[in-house]
Amino acid sequence: MLILKVLSLLNERIDPEVEAGDLFSYGTVAQLAQFMENRHAASTREVTDVAPHLQVEVSGADEDLRSLIKRVKEDAISVDEAMKGYESI
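Residue numbers (this note's numbering): 1 to 89.
Derived by calculation from the structure, the hints in this document are not laboratory data.
Misleading hints may appear alongside valid ones.
As the list claims (entries may be wrong) - No farther apart than 25 Å at their CA atoms in a straight line, the calculated lysine-lysine pairs in the DSS-like style are these: (1) K5 x K73; (2) K5 x K84; (3) K70 x K5; (4) K84 x K70; (5) K73 x K84.
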């Protein structure tokens, strides 16, 4: 049940494309965050490669979210602290 709650929160607040299997494939929060970050970077590259004239600036909220993910990966903050930080963005 707890894994489903984590999945629901991730889908709602961070990445709607995370699947239950991803939570089992990546054994740590750092590995899951890296997976999501890599997928995001790949999709950004695809858009940029296809239409470089359509690039948009990254908002401050996006940067704040990336910072939270990075800090969780580095074990500088807990997932709970990151979620609280996310709610304040």
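For a quick check of understanding: which of the numbered hints are violated here, in increasing order? none
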